[in-house]
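Colleague: If you follow the hints, you should be able to join the two separate chains into one complex; please do so.
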Amino acid sequence: MSGNNKHHISYGTYILVWAALIAFTSITVTIAGVNLGRYTLFIALAIAAIKSALVINIFMHIKFDEPIFKVFLGISGATLFIIFLLTFFDYIYR
Amino acid sequence: MSNHTDTVTHPVHRDDVGAKMGMWLFLFTEVLLFGGMFLVYAVYRYQYPDQFHIAAMELNTTMGTLNTIILLTSSLTVALSIAALQKGNKFLSLCFLSLTLLFALMFMVIKYFEWTTKISHGIYPGSPELLTKPNGQILFFGLYYIMTGLHGLHVLVGMVVISFMIVFIARDKVTSDNYVKLENSGLYWHLVDLIWIFLFPLFYLIQ
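Residue numbers (this note's numbering), protein chains in the order written: chain A, 1 to 94; chain B, 1001 to 1207.
It is worth saying that the hints were derived from the structure and are not from the lab.
Computed beta-carbon distance windows for the label pairs:
| hint | chain 1 | residue 1 | chain 2 | residue 2 | range |
| --- | --- | --- | --- | --- | --- |
| 1 | B | V1040 | A | A46 | 21 to 27 Å |
| 2 | A | I92 | B | F1164 | 43 to 49 Å |
| 3 | B | T1132 | A | L16 | 48 to 54 Å |
| 4 | B | A1042 | A | L36 | 15 to 21 Å |
| 5 | A | F81 | B | F1164 | 32 to 38 Å |
| 6 | A | P67 | B | M1037 | 29 to 35 Å |
| 7 | B | R1171 | A | G33 | 45 to 51 Å |
| 8 | B | L1156 | A | A46 | 28 to 34 Å |
| 9 | A | L16 | B | M1108 | 25 to 31 Å |
| 10 | A | G12 | B | M1021 | 28 to 34 Å |
| 11 | B | G1142 | A | H7 | 43 to 49 Å |
| 12 | A | R94 | B | E1030 | 27 to 33 Å |
Under the rule of at most 27 Å between Cα atoms (straight-line distance), these lysine-lysine pairs were calculated in the DSS-like manner:
| hint | chain 1 | residue 1 | chain 2 | residue 2 |
| --- | --- | --- | --- | --- |
| 13 | A | K70 | B | K1181 |
| 14 | B | K1181 | A | K63 |
| 15 | B | K1133 | B | K1118 |
Glycine included, each C-beta is placed from N, C-alpha and C at the ideal position.
Okay, chain B solo, but in the shape it has when bound (with noise of 0.2 Å):
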């Protein structure tokens, strides 16, 4: 049982649900961040739908279905975590979180050969060697930066917020019946995984 006798004494009010809802509401403003660049991506793939499909061709299919696996099991050991604390299992919990930074860590080592790669090929944004392609594949190759760099930034933020996770958890600050700063980080987590469930077939998997 708890130690802090002031909490017992002294109750601090609590609104879990009132936290999560701030959290959705968050959420929200991220799906319509991201959704303004789907949007951007649609019309312009309406506009230009073959050269969208001959730019596509030169992403890796192969990393990116691997970055899909890796960010699905991390939102497992994420949703793993917050089920390992409920059931008051504090260890099992931090090892289901320290899984999911190792897996974030990976998304980005991948993603981080993706990009070198695709730089080295002279293809960022702005280099001669893109400039000299039609417009839909330079417009394919900046929406591609754009959205995976937005995203890859909202995975190393989820890494930050997962460490700090870690240590509330360790320090007693995160417990089993005190989680809601857990959910909520997990369901940004899950989120960060929904917009790769869609950059996933919009951007690697164009034949």
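In isolation and in its complexed conformation, chain A is listed as follows (with noise of 0.2 Å):
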């Protein structure tokens, strides 16, 4: 039965994070309107960002959960950044 007398969350922690979620849905359609020139796509991302990090850490479990698995998100956005970034190096300096 290992693995499953793990940490449990309960129904409020899910729900104050899917507040969260919701809140920061509002605040990045919100901003979308406004016209901040080129930081506008980076805050649309910062924010996607954050989402990530709650639906990740807490949905997920993986705030939670054994080491390998951060372990496994970490090597999986490692190999996803490297791709990005010498994709963009080529292309930028072709």
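Modeller: See below:
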């Protein structure tokens, strides 16, 4: 039964996280209507990143799971980052 | 307690951490699949910033926002259904999963209306109207259809998976001390939500 007797998250915590996600959604929609020039994309992506962190840590239990899952996540994130980085180096300095 | 005496006398080996590890590896491949598309999007948006802005004006932000809220809420109900099953409340768990299914259906219905509106305006890949537009706009709508289309396909697959979980819980195949299948289905559903978290600002919120 190992793996099942883990940290159990309460209904309240989930609902709180959901409320935060909805709040961030309304913030990002509101900000999109304001002209912030080149920062618009940056802010939209930053909010999306905060929302993902909430989903991954709480909804997907990464915060409370075995450390190996954090390693998995780190490797997949790093792989994607490197692919983006190399592609843009190639594209911009072509 | 369990009525299955055979499982008591012959305990079946179970590795829940291994099962979840397999699921995370699968999610890794999904991240790379969508990551490749986001990469194509990033390069073309960098190349045609103005045309991406003009094309994105055609999308309905209200419908996109509504779908975001629906999908976030469906993620909540999946998480709550796992929490309910952990507490041994089978009925509540089934209620939350059915709600998830309902939200997923609502998402697809809204998506359907969104796509049919676009198509009736003559905007679909290869349409004569779209081909008269500049390259950047053709690329934007191509990416819009393929990325939200593939995401929609994932929602449909998720609905099938959740339906199976409802049957499993109802038949006590997934119980309060053996729920790794439900957890893995939840992980898949949250990933579908995560992808939408990025699709939404990149397609609907360009002003």
